[in-house]
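Peer 1: If you read the protein sequences in the order shown, they are chains A and B. For the first sequence, our numbering assigns the number 897 to the last residue and increments by one with no breaks. For the second sequence, our numbering assigns the number 191 to the last residue and increments by one with no breaks.
No wet-lab data here; the hints were simulated from the structure. Among the hints, a few may not be true.
What the hints assert, rightly or not - Listed next, with one range per pair, are the computed distances between beta-carbon atoms:
| no. | chain 1 | residue 1 | chain 2 | residue 2 | range |
| --- | --- | --- | --- | --- | --- |
| 1 | B | 95 | A | 474 | 37 to 45 Å |
| 2 | A | 274 | B | 66 | 31 to 39 Å |
| 3 | A | 884 | B | 68 | 24 to 32 Å |
| 4 | A | 884 | B | 92 | 53 to 61 Å |
Small disclaimer: the values here were computed from a predicted structure and weren't measured. Cβ atoms here follow ideal geometry from the backbone N, Cα and C, with glycine treated the same way.
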Amino acid sequence: MATKYYLPEDKTPLPPKGADVLTTCCDYCIVACGYKVYRWPIGTADGGPQAADNAFGVDFPSGPLQAWVAPTQYNVVMHKGKPHNVIVIPDKDAKVVNIAGDSSIRGGCIAQKCYNPDKPTNDRLMSPMIRINGTLQPVSWDMALDVAADLIKHTIKKHGANAYGMKQYSYQFVENTYACSKFSKGSIDTANWTMHDTPANVTSTPGFRDAGFDNFGPAYKDWGDADTLMICGTDPYETKTMIFNQFIKPAIDSGMKTIWLNVRETAGIAYAKSKGNALFIQLDPGTDTPVLGAIARVIMEKGWEDSEWIKNWVNDKWGSNSGFGQGTRNTPWQWRTTWGKFQTKGFEDYKKWVISQKDTDPAVAAKIANIPVEQIYQAAEWLAKPKADGSRVKASLGIEKGFYWSNNTGNTNAVSSLATICGAGGRPGQVVGRFGGHQRGGTGGGGYSRNKSAQKRPGRRRQALDCDRYFYSGNTRFAHVVGTTWIQAMCGSAGLNAKFEELVTMNPNQVRSFDKQEIIDTLKKRMDSGGTVVLDQDIYLRDPIGSKFADIVLPAATWGEEDFVRANGERRLRLYSKFYDAPGDSKPDWWIIGQLGQRMGFDGYDWKDSNEVCEESSRFSRGNRKAYHMIKVAAHKEGKTLHEKLREYGTEGIQGPTFYNYKTGELLGSVRLHNTECPPEKMEKEGRTQGANMVNKKMTHFNSQTGKVNIQKHPWSLFSDYWEWMKPKDTELWHTNGRINEVWQSGFDDVDRRAYIAQRWPENWTEIHPDDAKSRGIESGDQIILYSDRVPNFKQTIKGVHGSDFNFADLLKNGWIELDKAAVTAVAIVTPHVKKGTMYSYFINTSQPSNVLQGRVPDQISGNYNYKMGVARVKKIGESKYKNEFRSMSFAPRNIV
Amino acid sequence: MTDLKKKDETAADHGKCMLNRRQFLMYSGTTAAAVSTISVSLFPGEAKAKARVVGYPRKKIGQLSKLADNKPLDFNYPDDGPNSQCMLVKMAGAKAGGGIGPKRDVVAFSYLCTHQGGFLNGKYQAVGEHRVLGQCPLHLSTYDLTRHGIIVSGQAYQSIPQVLLELDGDDIYAVGIMGLLFGRNENLIES
Chain A
1 MATKYYLPED
11 KTPLPPKGAD
21 VLTTCCDYCI
31 VACGYKVYRW
41 PIGTADGGPQ
51 AADNAFGVDF
61 PSGPLQAWVA
71 PTQYNVVMHK
81 GKPHNVIVIP
91 DKDAKVVNIA
101 GDSSIRGGCI
111 AQKCYNPDKP
121 TNDRLMSPMI
131 RINGTLQPVS
141 WDMALDVAAD
151 LIKHTIKKHG
161 ANAYGMKQYS
171 YQFVENTYAC
181 SKFSKGSIDT
191 ANWTMHDTPA
201 NVTSTPGFRD
211 AGFDNFGPAY
221 KDWGDADTLM
231 ICGTDPYETK
241 TMIFNQFIKP
251 AIDSGMKTIW
261 LNVRETAGIA
271 YAKSKGNALF
281 IQLDPGTDTP
291 VLGAIARVIM
301 EKGWEDSEWI
311 KNWVNDKWGS
321 NSGFGQGTRN
331 TPWQWRTTWG
341 KFQTKGFEDY
351 KKWVISQKDT
361 DPAVAAKIAN
371 IPVEQIYQAA
381 EWLAKPKADG
391 SRVKASLGIE
401 KGFYWSNNTG
411 NTNAVSSLAT
421 ICGAGGRPGQ
431 VVGRFGGHQR
441 GGTGGGGYSR
451 NKSAQKRPGR
461 RRQALDCDRY
471 FYSGNTRFAH
481 VVGTTWIQAM
491 CGSAGLNAKF
501 EELVTMNPNQ
511 VRSFDKQEII
521 DTLKKRMDSG
531 GTVVLDQDIY
541 LRDPIGSKFA
551 DIVLPAATWG
561 EEDFVRANGE
571 RRLRLYSKFY
581 DAPGDSKPDW
591 WIIGQLGQRM
601 GFDGYDWKDS
611 NEVCEESSRF
621 SRGNRKAYHM
631 IKVAAHKEGK
641 TLHEKLREYG
651 TEGIQGPTFY
661 NYKTGELLGS
671 VRLHNTECPP
681 EKMEKEGRTQ
691 GANMVNKKMT
701 HFNSQTGKVN
711 IQKHPWSLFS
721 DYWEWMKPKD
731 TELWHTNGRI
741 NEVWQSGFDD
751 VDRRAYIAQR
761 WPENWTEIHP
771 DDAKSRGIES
781 GDQIILYSDR
791 VPNFKQTIKG
801 VHGSDFNFAD
811 LLKNGWIELD
821 KAAVTAVAIV
831 TPHVKKGTMY
841 SYFINTSQPS
851 NVLQGRVPDQ
861 ISGNYNYKMG
871 VARVKKIGES
881 KYKNEFRSMS
891 FAPRNIV
Chain B
1 MTDLKKKDET
11 AADHGKCMLN
21 RRQFLMYSGT
31 TAAAVSTISV
41 SLFPGEAKAK
51 ARVVGYPRKK
61 IGQLSKLADN
71 KPLDFNYPDD
81 GPNSQCMLVK
91 MAGAKAGGGI
101 GPKRDVVAFS
111 YLCTHQGGFL
121 NGKYQAVGEH
131 RVLGQCPLHL
141 STYDLTRHGI
151 IVSGQAYQSI
161 PQVLLELDGD
171 DIYAVGIMGL
181 LFGRNENLIE
191 S
């Protein structure tokens, strides 16, 4: 393992008065804190410690919470071809998100992200490359693009549009996601398209979608305005740091109760517990559905539900059926909601169903989840028991991946229904939503042709294509990968890796020539013989997708190297300023796609700059949660560009959907969605309804046919066969994985390239409970191997005929599940903060990918992976160097308060 | 810092990650200051690091025999100016990087969280074999004192600065700092 040296320094330069100041935001997690970049040329004077002598106007030494520059916040970059000092620190003037310049460890060190040939970022991709004689060799842009375009044309013509597959990031700035999806979904029109974190183009939270909840409806402030906040499958301190620091922690300090569903106790949970107003439900992986069902049952049996809310905002039988009279019901949400498994005739029907379910009996649920049954009753009380004066408790419910990637459909249905009976969803301090992962930078440049997917459930229920399964089946002849590792990020990833080897590396048609036409001919032969050609766009050479499998590698320019637009988890849109030259010949992804599009002969790919892409894309954002079209309208009225207009808003930005008041010329944002307390007349009065403004139902109502919430069932039986099968046998333990505060949505920079973080987390690690470790002779710092001979893998694209064809038990019976062997090594961390019987690993160290152990059986309803579900045996294979040295890693538990 | 009189000395190779000499090793960074560089093998089995030797004041901060287990002793370093609050602690036998004394369990660190300057006084904790400083009252950062103050969990931009110690008989001297003190643009400022 490469270990970077973290060498603590004892001084940093200060920016001088008159340094260039540009605004941007953090490139990493959903929260998207505001940052300022201070830039001044090398060779000119630095700022001084007196307030009058530096750009901050602060005397140094500075005091707590004042401006300060840590050595990790300084770097040297090229700007217009000349070396410049840059300091990137959280915006001390910020009035939103990271108020007064708070930050996480990730964004706090973001200056180290910049390309610098003297630093670990020196392996940025600088030139297009083609693999010739097995080696990636620099070539000109023209050559690389000509070859790529010719091969794409060929595969579409000879093997059909679905033979061209694109695997792209969902989040990486609207200009880039728009260009990529316009190319693949619009112009090529392939169904073989998906995002970095899912095998198919599906919603992350089917239960929210079907209930009518937007994932990101709430404002950050809402998370601190509840009386009781339920947090499922995440610790926001670790992975939504500013939401925790700025909103949740102060609320906990003032008495807000928190209920946590998690397998691990990390710092935020430990802190909340220490304040005496937290309930930590440390359940076994995948058991949230019965627990939430039982909580709902207790609430309803006690009569604590929010009857007034339910009366006004929950669909009855007719409402649930509304809009389904004539259609084919072949979109996922239509068939899910009318299938009979989830749909109810309203609250009473839901209540009856819940009470009829065995697994919602608190005693049964507690046994499944391996928790004390009292916690279920306690949670019900905290969420819904009326206060002494009879008034309701304000409850909010937030979820994230530990929850929705365990039992994707069941859990998201269950939390939606629980939220609804608690009255959460559409009022300040009473909200439901995701806390979020990546920032929201997706703008669709083309619709998804689900009807071209080769995959379907019985009846007319066409499903988005599982691109991994389609790849396994040998149908993807040209794989276009944009900004993702693809392989290690997927479940059962060892099998995917082996398939890439078979279809790419082991195919006899390998390039041995420097002649462009011979290269094209060779790779066409590969595709025609059943093999696959791989095109990879990224900022670094990823292993193995770039280093081992890519035939063509195109270097991308990224954050700070181009002006870009993106939204955060409260739909806040900001301009991310370019502040330095992109390294080498790297180009932004929109430019690369533009060049490919023109070579393909498509119209509308001759963009001059990123603003032009952004302005073209804006109309596709209309009606979306982050609609930015009206920024363009306002900008053009003022003779500006969209980018120029948004830049004026600095780090504060503006919350989508945006509106433009044609009378006053004012640009308006939206604090929250589903704002049921905002009457339509108010929207009109504020000037949000005229001209090109688009008032979507989700502004003041919910995303259902009627605008009311669908209260849905959440049958455990759709998942329990898989869960029972997977449950640890003999010496196995549950194996789940996830993120860690220090590396969260920043792994593409941190793990290999930021010395401070690399020192903390130099390689893959696995947390194991002291009891489990002791019986296996494992101590902290030991090198361990996690292994399994029953990693379930569903690899073929099939069509369902019978109703239960996609149940795990039926897949197993019908021979669709292969049991693979897999192993991954790690450094052991023996800690009581993880639940006994469960191991927790880092989810994607690309060299030791723990996803090899996670079952490759997508959620049968939604098509998402349930990444958190896996089992493994574990044994010691030696001692790591970290056991006895003092400079790297730490084995201290994360729950010390 | 350029106005300060610096004294360059040869630093010995200790062969272990135990920085406990009067002259303490600072690694070449962004500074343009002209100082001598030497090669030291700081980390066993790893590459040689180029080191810069910088003079810090030598200040007596306590006596080994007077230190009680897990009872931090406060002192100021490298001066009595703002942001100089530090702690010295004997960690009850927990061997530490940079630790001095027969058990290598005596260490010293800055009290100021390197996230946003939260004051960590009273936040030293011994939990099982672990020795940490934290959670910081501002934003909950926690540092591992056996491992040069590396972050355990939290938001800090660097490890908590470690004060380098030297043992002279029973007397403990502070002789340098590894890492930039919160709020300072350089550790050594004109008084």
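Peer 1: Does each hint fit the structure? Answer for all of them.
Peer 2: Taking the hints in turn, this is what the structure says about them:
Taking 37 to 45 Å as the suggested C-beta distance range, the pair residue 95(B) and residue 474(A) does not conform, at roughly 56 Å. The hint said 31 to 39 Å for the Cβ distance between residue 274(A) and residue 66(B), and at roughly 33 Å that hint holds. Look at residue 884(A) against residue 68(B): about 27 Å separates their beta carbons, and that is inside 24 to 32 Å. Between residue 884(A) and residue 92(B) the beta carbons are some 19 Å apart, a value that contradicts the proposed interval 53 to 61 Å.
The structure fails hints 1, 4 (numbered hints given earlier, in ascending order).
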